[in-house]
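Novice: Make a model of the complete structure from these sequences and hints.
Residues per chain are reported as follows:
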Amino acid sequence: MATIELINISKKYKDETIIADLNLTIKDGSFTVLVGPSGCGKSTTLRMIAGLEQITGGEIRIDGKRVNETAPGHRDVAMVFQNYALYPTMTVRGNIEFGLKNRGIAKRERDTLVADIAEIVGLAPLLDRKPQQLSGGQRQRVALARAMVKKPKVFILDEPLSNLDAKLRNQMRTELIQLHKRLGTTFVYVTHDQVEAMSMGDEIVVMNKGLIQQADSPMNLYYDPANLFTAQFIGTPAMNVLDTRDVSGLMLQSESTVSHIGFRPERAQIEAGQQLDGFRISGEVMTRESLGAENIYQIKAASGVFFVKTFLEPLYEAPALSVVVPYEQLYCFGPDGKRLAGVKVQERQLAMAGGV
Amino acid sequence: MKATKSGLLVETGDAALTRGMEGSRGNRISLIRAGRAALRVLNWLCMLLLVLVFALPFGWMISTSLKTMPETMIFPPEWIPKQPVWQNYADAWNTGPFLRYFMNSVIIAIGILICQALTIIPAAYAFARYQFIGSKLLFSVVMVTLMIPAQLIFLPVYLELSALKLLNTHLGLILPFASSAFGIFLLRQGFMQVPEELIEAARLDQAKEWKIIAKLMVPMVKPVLITFALFSFIAHWNDYFWPLVMTTNETARTLPLGIAKIREVEGVATWNTLMAGNLILVAPILVVFFFSQRHIIRAFVYSGVK
Ligand SMILES: Nc1ncnc2c1ncn2[C@@H]1O[C@H](COP(=O)(O)OP(=O)(O)OP(=O)(O)O)[C@@H](O)[C@H]1O
Ligand SMILES: [Mg+2]
Numbered sequence: 011m012a013t014i015e016l017i018n019i020s021k022k023y024k025d026e027t028i029i030a031d032l033n034l035t036i037k038d039g040s041f042t043v044l045v046g047p048s049g050c051g052k053s054t055t056l057r058m059i060a061g062l063e064q065i066t067g068g069e070i071r072i073d074g075k076r077v078n079e080t081a082p083g084h085r086d087v088a089m090v091f092q093n094y095a096l097y098p099t100m101t102v103r104g105n106i107e108f109g110l111k112n113r114g115i116a117k118r119e120r121d122t123l124v125a126d127i128a129e130i131v132g133l134a135p136l137l138d139r140k141p142q143q144l145s146g147g148q149r150q151r152v153a154l155a156r157a158m159v160k161k162p163k164v165f166i167l168d169e170p171l172s173n174l175d176a177k178l179r180n181q182m183r184t185e186l187i188q189l190h191k192r193l194g195t196t197f198v199y200v201t202h203d204q205v206e207a208m209s210m211g212d213e214i215v216v217m218n219k220g221l222i223q224q225a226d227s228p229m230n231l232y233y234d235p236a237n238l239f240t241a242q243f244i245g246t247p248a249m250n251v252l253d254t255r256d257v258s259g260l261m262l263q264s265e266s267t268v269s270h271i272g273f274r275p276e277r278a279q280i281e282a283g284q285q286l287d288g289f290r291i292s293g294e295v296m297t298r299e300s301l302g303a304e305n306i307y308q309i310k311a312a313s314g315v316f317f318v319k320t321f322l323e324p325l326y327e328a329p330a331l332s333v334v335v336p337y338e339q340l341y342c343f344g345p346d347g348k349r350l351a352g353v354k355v356q357e358r359q360l361a362m363a364g365g366v
Numbered sequence: 240m241k242a243t244k245s246g247l248l249v250e251t252g253d254a255a256l257t258r259g260m261e262g263s264r265g266n267r268i269s270l271i272r273a274g275r276a277a278l279r280v281l282n283w284l285c286m287l288l289l290v291l292v293f294a295l296p297f298g299w300m301i302s303t304s305l306k307t308m309p310e311t312m313i314f315p316p317e318w319i320p321k322q323p324v325w326q327n328y329a330d331a332w333n334t335g336p337f338l339r340y341f342m343n344s345v346i347i348a349i350g351i352l353i354c355q356a357l358t359i360i361p362a363a364y365a366f367a368r369y370q371f372i373g374s375k376l377l378f379s380v381v382m383v384t385l386m387i388p389a390q391l392i393f394l395p396v397y398l399e400l401s402a403l404k405l406l407n408t409h410l411g412l413i414l415p416f417a418s419s420a421f422g423i424f425l426l427r428q429g430f431m432q433v434p435e436e437l438i439e440a441a442r443l444d445q446a447k448e449w450k451i452i453a454k455l456m457v458p459m460v461k462p463v464l465i466t467f468a469l470f471s472f473i474a475h476w477n478d479y480f481w482p483l484v485m486t487t488n489e490t491a492r493t494l495p496l497g498i499a500k501i502r503e504v505e506g507v508a509t510w511n512t513l514m515a516g517n518l519i520l521v522a523p524i525l526v527v528f529f530f531s532q533r534h535i536i537r538a539f540v541y542s543g544v545k
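For the record, the sequence lines run as chains A and B.
Under my numbering, think of the first position of the first sequence as 11, with each following residue one higher.
Under my numbering, think of the first position of the second sequence as 240, with each following residue one higher.
Hints listed in this document are in silico derivations from the structure and should not be mistaken for laboratory results.
Just so you know, not all the hints are guaranteed correct.
[Unchecked claim] Listed next, the stretches of chain A that the computed footprint assigns to chain B, with coverage defined by at least 3 CB atoms under 8 Å from CB atoms of chain B: (1) 82 to 95; (2) 109 to 123.
[To be verified] Okay, derived cross-link-like pairs now, BS3-like style, lysine-lysine, Cα gap no bigger than 27 Å in a straight line: (3) K461/B to K22/A; (4) K321/B to K140/A; (5) K375/B to K163/A; (6) K454/B to K161/A; (7) K450/B to K161/A; (8) K75/A to K22/A.
[As the list claims (entries may be wrong)] Among the chain B residues that face chain A by a calculated CB cut under 7 Å, a handful are: (9) I301; (10) E436; (11) E439.
From the three backbone atoms N, C-alpha and C, an ideal C-beta is built for every residue, glycine too.
Specialist: Next comes the structure, spelled out in structure tokens:
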């Protein structure tokens with residue numbers, strides 16, 4: 011168990027700056043997930059924590075101790091790689107106990123440790139097989155067992171589920187959550203799948219272009235995004251964002267300029283007969299997707315294209331629809347993309363008299 | 240195998256698409272089939288020819304080694320001697336200090352192998368996995384030595400060994416081959432195929448560098464390593480030129496030199512004894528090859544392990 015602190019971390023490859031100035035504290039015992047688009051520096055950050063990548067500047071502390079100069083094997087960090095990186099010439103047992111051997115642990119103790127772990131991850135009958143003779147899910151378990159057997163302070167997992175099919179991925183997801191509960195070790199997990207991030211993490215770090223956009227709990231990320239990037243990264247379909255210059259019928263009272271307003275597709279209500287109170291926007295329906303319990307509409311309005319998601323409602327067939335977003339469900343963003351708090355949103359008086 | 244499989248696929252696909260054109264389609268397929276059969280026969284014939292080219296001289300060698308002197312001169316030659324003369328082998332063995340030759344050959348060929356393993360493996364690992372100042376240049380230098388024939392440098396080497404008082408010693412015959420550019424090249428290619436992640440995983444497992452080499456890298460390139468070892472062993476076991484040049488007496492002379500001398504002993508060409516001697520020379524190689532052929536075949540189809 012350990013807290014990980016990244017202080018003013020920077021990373022350059024030759025002249026290219028991948029990470030400029032990253033500050034992050036990963037709480038002891040947390041399941042922290044790094045998410046972000048491809049190439050944003052998630053793996054690089056992870057590998058710097060593990061010591062596989064030299065940092066250009068800053069300081070990394072694990073459990074309060076500076077580990078900049080500590081070799082990967084001595085940081086008490088275990089890693090699960092995307093392709094598992096199992097030693098192909100060794101048996102499952104050999105893979106699991108390699109790290110123990112290198113630490114000079116006696117044979118008898120090794121045997122009990124390996125047997126225990128194999129029991130936990132359900133590999134006991136496969137200990138004498140080679141990795142090539144295992145299925146994807148079994149390989150994944152070997153990789154986990156190999157990491158777990160060392161009883162590390164920190165577990166690092168780089169997209170460990172991306173090679174599995176959907177069903178197995180769900181299963182392993184649950185298993186990993188349970189594993190984290192049982193071990194209580196700090197987990198740092200990388201994924202670019204936001205569903206995975208939201209369902210597994212108790213702390214999510216959203217990254218873009220080497221910068222942390224927001225580090226928060228899943229609920230806060232969803233309800234309280236700090237900026238346009240997070241707002242649009244979390245949630246499917248993404249948050250709808252409209253340029254305020256294209257929007258009419260709204261009065262925005264704010265100290266600073268509001269350049270964009272946003273709302274979540276699932277917060278918009280389709281107006282079918284009844285009069286609803288809120289920001290009204292209407293347009294032509296471009297596509298309808300019905301997934302049974304939920305329906306997704308893509309609507310083209312004068313102010314832009316947006317999505318609406320409804321739950322357990324009939325599929326509206328009308329060629330044009332009018333939707334209403336409650337005022338408290340509107341998010342306002344400044345020109346720099348930052349979320350603006352305390353903006354008063356009202357209906358414009360004009361709208362009362364005329365129309366939208 | 241592959242060809243027939245895809246052939247089947249094509250057939251079923253065609254069947255579903257063009258139901259109405261049974262006649263012409265049937266013709267076409269039988270034509271394709273006939274063509275394939277012909278190709279297979281041709282392939283088989285070529286292989287047979289190859290086997291003959293390589294096996295005939297070998298069979299001839301065995302046959303001659305069991306003949307009497309007059310039998311070797313008969314025309315037309317006979318393949319099977321009437322009464323196999325095993326004495327030829329004893330005669331060959333007794334034309335010189337053959338036990339010594341044999342031991343010298345073993346010591347030198349195996350000594351070279353050990354030295355090469357000790358130099359090539361770390362060098363190949365370094366060239367494959369580390370970028371250090373001058374690493375490219377150094378590797379080019381190593382590669383250039385591949386292109387220098389032994390005949391070009393034997394004189395300076397001879398003088399050097401002579402200055403070091405290493406002529407007529409095992410060490411003198413081992414040292415010039417203590418490393419091999421070809422081996423470094425081959426192994427480096429093998430090491431480069433090992434995914435970087437495996438090494439990183441090993442580092443996280445607290446493995447020291449030598450342990451990564453010994454427990455991870457070497458087992459992964461085992462087929463390549465065995466193939467190279469075999470090539471090296473055969474080359475030095477059969478080597479005639481270097482031992483000839485670097486020895487002036489019997490102390491370090493090897494089997495090929497001993498066998499070359501069989502001819503001189505009798506004055507006339509005693510083909511039967513000579514062939515018996517040759518068989519003594521190649522027998523160990525056959526044994527080694529027999530035990531390692533599985534790995535050699537693997538080495539040539541080696542395409543990285545996932
Ligand atoms: N060895 C390297 N040399 C130069 N640039 C590199 C190197 N490794 C990574 N990069 C660059 O650093 C950036 C971040 O890479 P990184 O692997 O951390 O991305 P990522 O967030 O893990 O993406 P993904 O989701 O695709 O795995 C990328 O732009 C990549 O091109
Ligand atoms: Mg990555």
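Novice: Hint by hint, note whether the structure agrees.
Specialist: Here is how each hint holds up against the structure:
no. : hint             : in the structure
1   : 82 to 95         : holds (count 9)
2   : 109 to 123       : holds (count 3)
3   : K461/B to K22/A  : 37 Å, violated
4   : K321/B to K140/A : 55 Å, violated
5   : K375/B to K163/A : 40 Å, violated
6   : K454/B to K161/A : 23 Å, holds
7   : K450/B to K161/A : 22 Å, holds
8   : K75/A to K22/A   : 24 Å, holds
9   : I301             : 39 Å, violated
10  : E436             : 4 Å, holds
11  : E439             : 5 Å, holds
Of the numbered hints listed earlier, those contradicted by the structure are 3, 4, 5 and 9.
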